[in-house]
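Asker: Below, each chain spelled out in residue letters.
Number of protein chains: 2
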Amino acid sequence: MRFELSKEFLENLRIKIAEQDTSWIKVNILELHFADIAEILDKLSNEEAKYVYFQMDEDLQADVLMELEEDIRDRFLASLSSKEIADQLENLDSDDAADILGELPEEKIQEVIAQMEDDEAAEDIVDLLNYDEDTAGGLMQKEFLKARVDWPVNRCLVELRRQAEDVERVYTIYVVDELNKLVGFLSLKRLLFASPKTKIVDLYQDKNVISVKSSDSSEEVAKVMEKYDLLAVPVVDLQNKLVGRITYDDVVDVIKEEADKDFQLATGLSEKVESNASVWKISRARLPWLFIGMLGGILGAQVISGFETSITLVPALAFFIPLITAMGGNVGVQSSAIVVQSLAKGNNSTGGIGPKLLKEGIVAIVNGVLLSALIFGIAYMFENGTLGFVVSISLFTVIVFAAVFGTLIPLLLNKYKIDPALATGPFITTLNDVLGLFIYFTVGMLLYDL
Amino acid sequence: MRFELSKEFLENLRIKIAEQDTSWIKVNILELHFADIAEILDKLSNEEAKYVYFQMDEDLQADVLMELEEDIRDRFLASLSSKEIADQLENLDSDDAADILGELPEEKIQEVIAQMEDDEAAEDIVDLLNYDEDTAGGLMQKEFLKARVDWPVNRCLVELRRQAEDVERVYTIYVVDELNKLVGFLSLKRLLFASPKTKIVDLYQDKNVISVKSSDSSEEVAKVMEKYDLLAVPVVDLQNKLVGRITYDDVVDVIKEEADKDFQLATGLSEKVESNASVWKISRARLPWLFIGMLGGILGAQVISGFETSITLVPALAFFIPLITAMGGNVGVQSSAIVVQSLAKGNNSTGGIGPKLLKEGIVAIVNGVLLSALIFGIAYMFENGTLGFVVSISLFTVIVFAAVFGTLIPLLLNKYKIDPALATGPFITTLNDVLGLFIYFTVGMLLYDL
Chain Z
1 MRFELSKEFL ENLRIKIAEQ DTSWIKVNIL ELHFADIAEI LDKLSNEEAK
51 YVYFQMDEDL QADVLMELEE DIRDRFLASL SSKEIADQLE NLDSDDAADI
101 LGELPEEKIQ EVIAQMEDDE AAEDIVDLLN YDEDTAGGLM QKEFLKARVD
151 WPVNRCLVEL RRQAEDVERV YTIYVVDELN KLVGFLSLKR LLFASPKTKI
201 VDLYQDKNVI SVKSSDSSEE VAKVMEKYDL LAVPVVDLQN KLVGRITYDD
251 VVDVIKEEAD KDFQLATGLS EKVESNASVW KISRARLPWL FIGMLGGILG
301 AQVISGFETS ITLVPALAFF IPLITAMGGN VGVQSSAIVV QSLAKGNNST
351 GGIGPKLLKE GIVAIVNGVL LSALIFGIAY MFENGTLGFV VSISLFTVIV
401 FAAVFGTLIP LLLNKYKIDP ALATGPFITT LNDVLGLFIY FTVGMLLYDL
Chain B
1 MRFELSKEFL ENLRIKIAEQ DTSWIKVNIL ELHFADIAEI LDKLSNEEAK
51 YVYFQMDEDL QADVLMELEE DIRDRFLASL SSKEIADQLE NLDSDDAADI
101 LGELPEEKIQ EVIAQMEDDE AAEDIVDLLN YDEDTAGGLM QKEFLKARVD
151 WPVNRCLVEL RRQAEDVERV YTIYVVDELN KLVGFLSLKR LLFASPKTKI
201 VDLYQDKNVI SVKSSDSSEE VAKVMEKYDL LAVPVVDLQN KLVGRITYDD
251 VVDVIKEEAD KDFQLATGLS EKVESNASVW KISRARLPWL FIGMLGGILG
301 AQVISGFETS ITLVPALAFF IPLITAMGGN VGVQSSAIVV QSLAKGNNST
351 GGIGPKLLKE GIVAIVNGVL LSALIFGIAY MFENGTLGFV VSISLFTVIV
401 FAAVFGTLIP LLLNKYKIDP ALATGPFITT LNDVLGLFIY FTVGMLLYDL
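Chains as they are written, first to last, in our numbering: chain Z, 1 to 450; chain B, 1 to 450.
With the rest of the complex left out, here is chain Z (with noise of 0.2 angstroms):
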């Protein structure tokens, strides 16, 4: 029932193309459904892409631009003369045809708007071009369905058949008094099922009414509608008055971006790069954190070089700096990720930062036993008694440490509005790469006596 991709369609597509085979490419290609086609358009050529593009109806061609990868989009879009650019801005949502427009550059933008057709569509996106787009009015749409409060059912069906028309998915109603003031709700079930006269006063609901305000954060955004359960939400001004709506769909990609976001910092990736990007763009992307890592590599150095005379007379000692590090590092990374997972669930209202840290500090405990234990054993096996008891008791003195700044730091970073996350990445290894070797090196000379 469903499309799979393969490499033979491909082929026998690019040969269709070539060959400007319209009728074959209506039957295969057009008929199925824009998610499949946007996979296709992704795969071929921009040329081969602009071919099969053109062949489709108006709204095909809207569903089908705004499921392309964005690189491939930004690209197609990039081939196209101002006034394409402004037919295919016409046939989007708002939202969509804001977010196009506002990649594009400042003097494509004005040439692009001054081409469209649809007045009250260029003034729409316009408005939308004024919002911060990390925030509600960002992301929210003009296309929704409103109803007047004092409206009885068959007027309503009636007006709302008319703005149905801009409105792809209504999921609801939204009520609104004389002044353009958001009241309340109405479902589409409720109204289907109603009686013609009944007024909307009494069917709508007044209660609870969930709404963000324009200038909202997109995550505020998220969270509000995860909460709550929302497949859109109504975006109001500051006097209350309706100006918008956002679809969970966009909002799924703000939730998504998180996730990937906190991976990327978690892995040390400094910024959002596809994996088609070129190499000098992933190369600068991974720097920053290597970087890093290679200060640490050089203060751990710095650490090591002072205890020179130590590694002379006992060169067992430098056996184990791998282990320390090690260590140290994941046990940090644990502790961090543990920390940002539950201030992303929103799980700070209660509950300070005295009893996460006790609750790490005991975990970080038994497990710095249980480890330092079975560490003992086995640097015995290398070298005499002593360098087990070194081992051991500066394995458990990381794990404990490490553990503590792996729970503060994202701490005190969410106290300073950073984001936590980057403190489960090479931050916390280095922090703790430094620190333990430190203490690995300094309980071996007061050990051994050196």
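Source of the hints: derived by calculation from the structure; they are not laboratory data. Glycine is no exception: its CB is placed at the ideal position from the N, C-alpha and C atoms. Mixed in with the good hints, there may be bad ones.
Computed list of lysine to aspartate or glutamate pairs in EDC-like fashion (alpha-carbon distance at most 20 angstroms, straight line) [what the hints assert, rightly or not]: (1) B:Lys359 x B:Glu383; (2) Z:Lys227 x B:Asp93; (3) Z:Lys227 x B:Glu103; (4) B:Lys227 x Z:Asp253; (5) Z:Lys227 x B:Glu257.
Going by beta-carbon spacing under 10 angstroms, a handful of chain B positions derived as facing chain Z [what the hints assert, rightly or not]: (6) Gly268; (7) Thr325; (8) Thr386; (9) Phe389.
For this one, chain Z is given, so just place chain B on it according to the hints.
Answerer: For chain B alone, kept in the frame of chain Z given last:
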């Protein structure tokens, strides 16, 4: 407009519960949004929560119950009798009821089902319990609207009104033939604006009917719903008969769990553990990864001990051990994270392992050259010129090897159907530590001519 839970509010509520002040609770709690009520109950003791819960009407109870945190809900349900649980289940959607029931012990399940009064609901739940919870069958619910393709609009409205009593959110109406086989969709909007005598057959959409099989995995369901931007997807059996539907909120959970899992593997947490779990549970979840890290440290010690003479002769070689291991780890994690992300997005359809490896190799060479040049100068300051050569040559080699392994391992894991995210965590760091040390000391031995 939106409710914010404060400590003062909570303390006041506790007093009102102790005083059994039902009228205060009615006005100040029961009028809130169910998500806010659930947030409040999450913070109360079990007895307090129970008191508030049983002041609510059935519908509100059902909404609140599903919004409670899982741990809290399990604890809450454990304190109810079988009859009380049965009453709660009858108000829930069938998928939620089955999920909750599935968490109970076997004999309790039977007790609860025996106590249910609504036989049809009980039957639906028992049916759903048969499916594996990680499949479409385990995610689906029995509540949805369906219309026969041969009905006229007015009959359809009568039938749907009856069906709609059980369905909280409609999304779309599924159209079936006389054998209950899925043939298409009908949007509420179209039905709303159609004339009463039109037949469904002239109104419904039979193109691109996307459905999932009840045996499809939940990841597969999530992929389909994401790709096709679906709010709900119908579930069919092997004969294409409509058996249920899955709504986007259930799939958002699947998507979030996937993202969380990747983050947890990357940061070395082997089990999903809530931050309020017991110390012992948390310790156990972290030990496996720490153990792998320790094993790596021991292997590292083994490698270094093989070069004991080199260290005795040139103790400065030990200085850069942490730098080599840190860089190997960081580069490896970055490369594997990129691959994991690209695999998670399903970008594995085109291009084999070769091009990816080549690209990562080139990125590694670019970063390797830059960082090696930098470290040469710094190492030179620590000791004579030879150390600079040793560190920079081995750093370069380690970076390239780490990138290659970091790319190769997740791709190989994926090929053998093992979760590639396994590779981003302590695994790759440990492997690269050992390899890096070996390279470093071998280069050192050669250049120092030891």
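Asker: None of the hints should be skipped; say for each whether it holds.
Answerer: These are the hints, each one checked on the structure:
1. Distance hint between B:Lys359 and B:Glu383 is unfulfilled; the C-alpha atoms sit about 35 angstroms from each other, more than 20 angstroms.
2. Between Z:Lys227 and B:Asp93, the direct Cα distance comes to roughly 19 angstroms. Compliance with the 20 angstroms bound is thereby established for this hinted pair.
3. Restraint check: the Cα-Cα separation between Z:Lys227 and B:Glu103 comes to about 23 angstroms, which exceeds 20 angstroms; the hinted pair is violated.
4. Taking the CA atoms of B:Lys227 and Z:Asp253, the gap is about 13 angstroms. The hint holds against a cut of 20 angstroms.
5. Using a Cα cut-off of 20 angstroms, the hinted pair Z:Lys227 and B:Glu257 holds, with the two alpha carbons roughly 17 angstroms apart.
6. A hinted interface residue such as B:Gly268 counts as satisfied when its beta carbon comes closer than 10 angstroms to some beta carbon of chain Z; here the least separation is about 5 angstroms, so the hint holds.
7. Annotation: interface hint on B:Thr325 holds; nearest CB of chain Z at approximately 5 angstroms, less than 10 angstroms.
8. The closest approach between the C-beta of B:Thr386 and any C-beta of chain Z is roughly 15 angstroms, which is over the 10 angstroms cut-off, so the hint fails.
9. Proximity of B:Phe389 to chain Z is violated relative to the hint, the smallest CB-CB distance being about 15 angstroms (cut-off 10 angstroms).
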